[in-house]
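**Q** Those sequence lines, one after another, are chains A and B.
Mapped onto our numbering, the consecutive letters of the first sequence carry residue numbers 1 to 305.
Mapped onto our numbering, the consecutive letters of the second sequence carry residue numbers 1 to 541.
None of these hints come from the bench; they were simulated from the model.
Just so we're clear, the structure is a prediction, and the values are computed from it rather than from any experiment.
Every residue gets a Cβ at the ideal spot worked out from N, C-alpha and C, and that includes glycine.
One or more of the hints may lead you astray.
Said to hold, decoys possible - Reference listing, derived: stretches of chain B covered by chain A, where coverage requires no fewer than 3 residues with Cβ under 8 angstroms from a Cβ of chain A: (1) 376-389; (2) 426-437; (3) 530-540.
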Amino acid sequence: MTPAISTSGLVKTFGSTLALDGLDLTVDAGEVHGFLGPNGAGKSTTIRVLLGLLRSDAGTATVLGGDPWQDAVALHRRLAYVPGEVNLWPNLTGGEAIDLLGALRGGLDPKRRTQLLERFDLDPTKKCRAYSKGNRQKVAVVAAFASDVELYLLDEPTSGLDPLMDAVFRECVREAKDVGKTILLSSHVLAEVEALADRVTIIRRGVSVESGTLGELRHLTRTSISVETGRPITGLAELPGVHDLIMDSDQARFDVDTVYVGGVLRHVAQFDVRTLTSTPPTLEELFLRHYGDELAREPSEPAGT
Amino acid sequence: MTPFTGTGRLVRLALRRDRIQLPSWLVGLSLILWVTVSSIVGFYPGEAERVRLAMTSAHSPVTLMTNGLVSGASLGATVMTQAFVSLAVGAALMSILAVVRHTRQNEETGRAEMIGAGIVGRDASLTAALITVALANLVLVAASVLVLVASGLPLGGSVLCGLGIGAVGLAFAAIAAVTAQIAETSRGANALAVAALGIAFVLRAVGDASGKVIDGGLSVVSAWPTWLSPIGWGQQSRAFDRDQWWVLGILALFVVVLVSGAFVLASRRDLGAGMRAVRPGRPAAAPALLSPSGLAWRLHRGVLIGWAAGVAVLGASYGGVADEISEMLSDSPEIAQYFEQLGGASLTDTFFAVTMSVAGIAAAAYAVQATLRMRSEEAAGRVEPLLGTAVSRPRWMAANIGVVALGTLVLMVVAGVTAGVVYGLVVGDVGSNVTTLIGAALVQVPAALVLAGVAVAAFGLLPRWAAAISWASFAACLVVLQLGVILDLPQAVLDLSPFTHVPAAPAEDATALPLFALLTAAVALTAVGITAFRRRDLALP
């Protein structure tokens, strides 16, 4: 199956700033793809290149089998976009903006529009100038999900939504996925990507540094284990893959490289285990691994608490 | 903490924010006064000429409406008649915009919330805005007095005239203080206050035009509508003639009452809220909106209606005076000579050629402003979601340019029709005059579109500089048109301005070639702009 989106070696400069430095990204059809990176990593720039709003300086990009710059109009009939910063016409009502964006994309489903307005608790009679950031985002999200398209490009769509609306948004993404739509979801809300994404690409300074399923990426990181035993564990520090060991007579806390978990557990089992907690790595930890040089100074929570 | 704690700091903040804006207004208004006074001194140096001007003006309802009240024929009195209304309207606009900027606009943008959370009293913000505007008007009074006295006018009348201008400014500051409490948006507050200014202008225009001529035509006693208008009160000071200082008392009372009213209204509402509830809008779009052209029309129509109203007033008033003008012109050899330079046609036809040229400049200004809307939409980030849909860049641009071209055409038709109908009513032949003047108006369209084309090309090639380039081109054309002959510019320079190539219809026959050439240039510039925009990155905020 051809991927819904594929880029290779994408380069984009703004003056002397290098925004994308050879970015590779592959999004398979029918998947929810998390696009993770800190602010300024190049997530929005990538999406705008994929929409043909910006022109890449080098590299190739294919969206739904077409060239995003050349075939912009034809492609935009088949996709919906929610910008990171939603700017709307102050003298149009929210309802008018939704209808306008939907119509220019090729029409929207009126039943679905009504239903989404209700679920997102959005008043369509208010002028856009009176909307908060969150409500402007809802306008773009409703317009996107009320359109029947193959691909959704969502650029940090929940940054202004409250937790309740966040939950509604997740439902919408899952429903879209269930009917076979492809979704590229950029975010730095890690819990959101963890809850929704099949696969993740992590980018940093315009380059993708990791890409894979959450499971695959967990192979690259460590599991935190906290164990209480009948007698003190010996020889733990010498085992391969064990890090940050803290021993306190009958208690031990440590991180272990995920590939070595089996061996370590066999070793620990000999010491009369009373309780054992293991915590899978969170995306926070993936981030720390990739952006460790920027975040290292922040005190990290002890794992497993 | 009193309700006024922090007022001083807020005044300093307002002055700092307005350090460019208010001085520009003050310099501009002083310059207008200075130019008017010196041109009156130049054109009407002697008592006899001024008496004739006063008598003609007093007997012409149209002149009374557009210029102002006639009261005496001294140099000062002539300045009052010719300049007071414009200066007072200018001071009023400056004051309205400044008061709204420092009150409602702060609330709308959320700045007032941050300020209100500081050590700032409840009434400090409104007080500071009014003090700032009062200071600006005070400077305007001083500058006006200086200009008038320096032109050799008596001190007493100069002070009264200056105070009248400033007092009208303050009166509209007070009106804006009230509208800023009523409307929920700064745009709404400005619109209400400017509407009040329009009503005030019309009231005094009607009152003066229907007044009684006394003193053998040297003075007019205004009818009652004038006495309902702050601008009217200012004029009734009759500075340099009867020096009625007491009318300043009416203005002062008006300001006190309205400002108190504004404070009462402010104390009865919440921060950010208005008195007038915002009406809910349409929950769904009308089908007409759902296309790039529909959206463009929606975004452009307000500006176009405003310009059309202005051009209609221009056309009607020029049409109204055209017949009288020949009489006046034969009295003033300088002006007659100026008109004769423009061609050997009849004075009325030449006058209408000048009228249409002025309307053409207005249409060009509209065309540039409306074209640059594409740039402001882009800079505000509103083009991004639009081009994220199945709308191509050329289609989006074509929708906007189409509305601009149509709007330019509409403006010139409005100019031709209003001038033709009013002039036709005066001379008793509407039909043929309307036809002739619509034709004379339409020859201006291609030149205006060339300037729109410059703006399109600049938008495509150098978006960040588009506004500067477009307005500089417009200003350059204006200079060439107005001063080209006086400055003795070479023909090659004159030819650069599209207006140079516009036939002076109806005084001379319109020929197709220059109009066709101008249209070709406009189309070529537009094509350059569209091609360039297709190739460049979208500028994102």
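**Q** Please flag the earlier hints that this structure goes against, numbers listed from lowest up.
**A** 2
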